[in-house]
Amino acid sequence: MSYAYYPGCSLEGASRPYDRSLRLVMAALGHELAEIPDWNCCGATMYMSVKETVALSLSARNLALAERAGQSTLVAPCSACYTTLLKAQRTLSELPQLRRQVDEALAEAGLSYNLTVKVRHPLDVIVNDIGVGAVVRKARRRLDGLRIAPYYGCQIVRPGPAFDDPDWPTSMDDLFTSLGAECVYFPDRVRCCGGMLMTTHPEVGRALTRRLLDCALRAGADVVVTTCPLCQINLETIQDGGTTIPVVFFTQLLGLALGSSFEEMDLHRCLVPVGPRLRSIAGAA
Amino acid sequence: MDVQPRGIVAYFRAGDLEAILRSRTIWLCASCYACTVRCPAGIKVTDLIYALKRMALERRIQARSLPIYALSEEFVRVVGRHGRNHELELLVRYLLRKGPLRLLAMAPLGLRLIRAGRWQWFPKRVKDRKGLRRIMARAAQMEDDFVRESAAPAGTVGYGVVAERAPVAVAGGGS
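First to last, the protein sequences are chains A and B.
Quick note: the first sequence, position 231, residue 261 per this note's numbering, numbers continuous.
Quick note: the second sequence, position 92, residue 571 per this note's numbering, numbers continuous.
Keep in mind that the hints were calculated from the coordinates and are not lab data.
A virtual CB, placed ideally from N, CA and C, is assigned to each residue, including glycine.
Please note that the accuracy of each hint is not assured.
[Stated by the list, open to error] For each label pair, taking beta carbons as the anchor points, the in silico distance ranges come out as:
| hint | chain 1 | residue 1 | chain 2 | residue 2 | range |
| --- | --- | --- | --- | --- | --- |
| 1 | A | D195 | B | L575 | 39 to 49 Å |
| 2 | B | R612 | A | P217 | 44 to 54 Å |
| 3 | A | A57 | B | V626 | 43 to 53 Å |
| 4 | A | P306 | B | R560 | 42 to 52 Å |
| 5 | B | V626 | A | L145 | 24 to 34 Å |
| 6 | A | V234 | B | L580 | 14 to 24 Å |
Bound conformation, chain A alone (with noise of 0.2 Å):
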């Protein structure tokens, strides 16, 4: 099947792995992947405290491109965006007098959206449409004796109704445990890392993003699995020093069972190096 892909800004810059890996995740599960045209910025939650009828606009124009594209479903792998698009996608088909707000401003620029597009996190689609048994199938190499700590953050499951649960989802752990994994104790697993308080307040951003690190280095895990580029950063940039874990995307580490090379993965790339554990599942294909 076919999938607009809607990469998101940090996708083309610090979390460029994810964007890299999650190409070759669908390639190999033998998905396609198509870039929206022309994207632009979904408007992140900061146009969304600022100005609403912007803030949809913004998501509407990507949406829009999808559909002109003949696309159904958007995929949007950045937490962030993933959150926003979605947001959009409901407000406009529950709220008319937005909608019509937003369609007068698509029409400055020759576009229209008749609500067609679903948006979807590359998690959900892999799990739900793919499934984990064909996952398990096309997968080269055992992840076994692996212990990851699974961190879903806030923003793929909340506010919702979503596709896992908002306290305690458990694709990733369904996923990577089929694949061999030990899913460590994490009840942190949905706990906000902090997002923009890195940057606006760093002294709560630390003490959130902390929080969750010594959750996971108290249960043992060797790596500490994200599916959001803000949580990736945050956690893997206040390590400095002292006791360290590894911060990977949750597509970096599919990759690598599904085949492709540790370089492939951009796991070279990682700010926190991998320890020997990973090294030897990488080198064992």
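Dock chain B against chain A, hints included.
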């Protein structure tokens, strides 16, 4: 956080909008939606906070002195120019406003990202920037008209005002 999310709702019910707009809480929200999911009364606290931020900005209350205001302003500027965010430009602009020392302190991290090949020197820009700007200008104009028309008389407070000003926060679903 000087007022907890449930305090925001309590002030709200008491009709003291001013107290909420003057609190730092609404500007510290990281949009994790934990309160929205937990609220037993189904109040969409996060969307309510967005609405309150917009009201505080319109009434020019406090926000300008807070770090998030500077960051939002730079974000809007960067996206307005390129149509997409550019992490490097956003961070440099923000940190320069906050003081060059902060920028200097970030240099080691920058070097690590450059070495890891996770660095984008130049922004990737939207091709139809003119079209995008027209969309944004039209949307902003409609929103301003809406705000002017629905401006509550001075002294009016409470849920009614926010309900009118924040359709997303009040509508079923949509969050």
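Results of checking the hints against the structure:
{"no.": "1", "hint": "A:D195 / B:L575: 39 to 49 Å", "in the structure": "holds (43 Å)"}
{"no.": "2", "hint": "B:R612 / A:P217: 44 to 54 Å", "in the structure": "holds (46 Å)"}
{"no.": "3", "hint": "A:A57 / B:V626: 43 to 53 Å", "in the structure": "holds (47 Å)"}
{"no.": "4", "hint": "A:P306 / B:R560: 42 to 52 Å", "in the structure": "holds (45 Å)"}
{"no.": "5", "hint": "B:V626 / A:L145: 24 to 34 Å", "in the structure": "holds (26 Å)"}
{"no.": "6", "hint": "A:V234 / B:L580: 14 to 24 Å", "in the structure": "holds (19 Å)"}
Going through the hint list in order, the structure satisfies each hint without exception.
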